[in-house]
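Protein sequence lines, in the order shown, are assigned to chains A and B. No gaps in the numbering here: position 5 of the first sequence is 5 in this note's numbering, and each next residue is one more. Heads up, this note's numbering is the position in the second sequence plus 116, with the first residue counted as 1.
Calculated directly from the structure, the hints in this document are not laboratory data. One or more of the hints may lead you astray.
Here are a few chain A residues that face chain B, going by a calculated C-beta distance under 10 angstroms [said to hold, decoys possible]:
hint	residue
1	Tyr36
2	Gln38
3	Asn41
4	Arg42
5	Lys49
6	Phe90
With a straight-line cut-off of 20 angstroms between C-alpha atoms, the simulated SDA-like cross-links for lysine to any residue are [stated by the list, open to error]:
hint	chain 1	residue 1	chain 2	residue 2
7	A	Lys49	B	Ser219
8	A	Lys49	B	Ser218
9	B	Lys168	B	Ser143
10	B	Lys146	A	Asp98
11	B	Lys146	A	Phe46
12	A	Lys49	B	Gly211
13	A	Lys22	B	Gln157
14	B	Lys146	A	Phe101
We put the CB at the ideal spot given by N, CA and C, even for glycine.
So you can see what is in the structure, the chains are spelled out below.
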Amino acid sequence: AQSVAQPEDQVNVAEGNPLTVKCTYSVSGNPYLFWYVQYPNRGLQFLLKYITGDNLVKGSYGFEAEFNKSQTSFHLKKPSALVSDSALYFCAVRDSADTGFQKLVFGTGTRLLVSP
Amino acid sequence: DAGVTQSPTHLIKTRGQQVTLRCSPISGHKSVSWYQQVLGQGPQFIFQYYEKEERGRGNFPDRFSARQFPNYSSELNVNALLLGDSALYLCASSGRAQGAASSPLHFGNGTRLTVT
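Please model the entire structure based on the sequences and the hints provided.
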């Protein structure tokens, strides 16, 4: 069974500084990995995904993520944080072997707080 | 283009009652999934429907049921409501056929259900 761990409940960073939100995963096959962001009282917005290929994936709003197979990690990064990046971030995984089935397994979320 | 739309946005029910939540996918999307997000947790998979057929079901009791209509909209029904059913219910759609596990899900803003 798939699982995702987001070890930090909250990450605090000053505006302009780089940010990292951590994610590790477990799947039996090859992983499809996703990052979503959730603003208060809203649904989840897709940021980026890793399917195959280059380990560094670029996504929306200047975010990127680095896939590391040996460490089973998929950390979200941004070179320079904005106050407007403050939100709840979810990492999710899907097993590529689950053809015909689009279930996503989510982590518990990490709250990012960017201070001015 | 309109995104995934859900109705109602908020709902208050009493224990033992029944509730129906509605979802319209992005135009052209044929796959609809439902997720439950309890406060402070990540979304949990409930159902996936594709072309009006159930493609997957999460670890939820039989009190939860769903269906998809010919226009690809969907309803989630919950019977005999419990206090623990209080959550944000998210609907997501995907534009790809079954087997496209790499496709991201597009989420609506959810229905906030409160059971008293």
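Results of checking the hints against the structure:
1. Tyr36: At 8 angstroms from the nearest chain B Cβ, Tyr36 (chain A) passes the 10 angstroms test, so the hint holds.
2. Gln38: holds (9 angstroms)
3. Asn41: With a closest approach of 7 angstroms, the Asn41 (chain A) hint holds.
4. Arg42: Arg42 (chain A) check passes; min Cβ-Cβ to chain B is 5 angstroms, inside 10 angstroms.
5. Lys49: Holds - the Cβ of Lys49 (chain A) comes within 10 angstroms of chain B, reaching about 6 angstroms at its closest.
6. Phe90: holds (6 angstroms)
7. A:Lys49 <-> B:Ser219: holds (9 angstroms)
8. A:Lys49 <-> B:Ser218: holds (8 angstroms)
9. B:Lys168 <-> B:Ser143: holds (15 angstroms)
10. B:Lys146 <-> A:Asp98: Satisfied, since the Cα-Cα distance of roughly 18 angstroms is no more than 20 angstroms.
11. B:Lys146 <-> A:Phe46: Between Lys146 (chain B) and Phe46 (chain A) the Cα gap is close to 18 angstroms, so the pair holds against 20 angstroms.
12. A:Lys49 <-> B:Gly211: Cα-Cα ~16 angstroms, so holds.
13. A:Lys22 <-> B:Gln157: holds (16 angstroms)
14. B:Lys146 <-> A:Phe101: Holds - the C-alpha atoms of Phe101 (chain A) and Lys146 (chain B) are around 13 angstroms apart, at most 20 angstroms.
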